[in-house]
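Turn these sequences into a full structure, and let the hints guide you.
Going by full-length UniProt numbering, 90 is the number at position 90 of the sequence shown; the sequence numbering is gapless.
If a hint is listed, it holds; no wrong ones were tucked in.
Simulated crosslink set (PhoX-like; lysine-lysine; CA at most 20 Å straight-line):
1) K25 / K151
2) K146 / K25
3) K327 / K197
4) K25 / K154
I should point out that these hints are in silico values taken from the structure, not numbers from a laboratory.
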Amino acid sequence: ADQDLVERLAGAAATSEIDEILIRKQIEMLPTVYEHESVDTVFELFRSNPRQSFFPVLNANGEPRGIISEHHLKEYIYRPFGRDLLKNKIYERAISHFVEGAPIVGLDANAERLMNIFANMDGSDCVILTENMRYAGVVSAASLIKVINEKQLKVAQDQNPLTGLPGNRAIRDFMHEVGRNDDQTRFFCYCDFDHFKPFNDHYGFQMGDHAISLFAALMRRYFFSEGHFLGHVGGDDFFIGLSDWTREELNEILERLLSDFHDDVVELYSPEDRAAGIIRGHDRNGRERDFPLLRCSIAVLELPEGLLLDDVNRISAAIAGVKAQAKDCESGLVFSSFQAHSA
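Okay, structure coming up:
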């Protein structure tokens with residue numbers, strides 16, 4: 001895991017994560033129908049959504065099967081007695097009879113893959129997205145083109161599309177530049193959520209994104225001066241860099257940041273989960289177990305005055321060691337001096 005952190009901090013932002021965030025912003029949560037329902041249900045949907053030309057069709061488990069299009073029903077709608085025929089018990093057919101194929105892919109698919117799938121589906125109205133096999137919305141061709149264009153811009157700007165914070169290239173440049181400035185004490189803070197995966201799995205990506213945006217907003221509230229640097233490593237990992245503070249001053253602000261985040265994030269849980277203080281979920285190996293509620297831990301690496309260090313890989317490796325301590329610490333906040341760490 002330490003090597004993963006070194007690679008993340010020393011490398012460019014993963015474009016797959018940028019894809020995921022941009023695609024999520026374009027998702028349209030269309031109303032759905034179940035394949036076992038009668039055609040009358042669809043007529044009612046089209047009547048109450050006159051601008052919509054199709055709707056996703058799900059099976060009994062909430063898994064997408066395709067779409068039902070208005071044009072597919074028109075031959076019945078506009079034919080004499082057509083609607084009566086459809087509703088007649090002798091001729092009645094379930095919605096499943098009218099389902100048309102549509103690309104169905106997971107939310108983690110990248111933008112290029114979605115475009116390729118779309119290009120190979122002649123006349124398809126949309127791509128249906130799933131999360132844990134369940135319907136998660138649709139994305140149109142126009143929205144996908146918007147995603148591709150915005151992705152190129154965000155990659156060029158090295159900016160996280162969810163939080164608007166600088167990405168790994170800017171973080172790396174900051175560590176390199178400030179590491180050389182040895183006439184003052186410098187602090188590199190690595191912030192990382194604990195138990196984020198079970199929270200995200202249980203409550204869905206929108207709530208996960210909300211938690212990430214909450215933390216970014218709190219960072220901006222406490223670190224707003226010109227000399228403060230805020231970065232978004234990716235996912236639920238953030239970076240704060242600053243100079244010329246005392247350890248005591250920084251400790252007080254970071255404790256407040258963690259406390260505020262805890263107070264905000266517990267409100268995202270259901271009253272039952274909040275009262276229990278745990279949720280059931282799966283770890284990264286797929287094993288089911290109980291997890292504590294989401295929190296953030298912060299590893300702070302101090303570069304003392306007089307120490308010149310511009311090797312980003314060495315700094316990242318040192319931060320990774322402190323990060324492991326912070327995750328095991330009850331307060332979630334650990335300081336370490338680079339000299340003490342490297343000794």
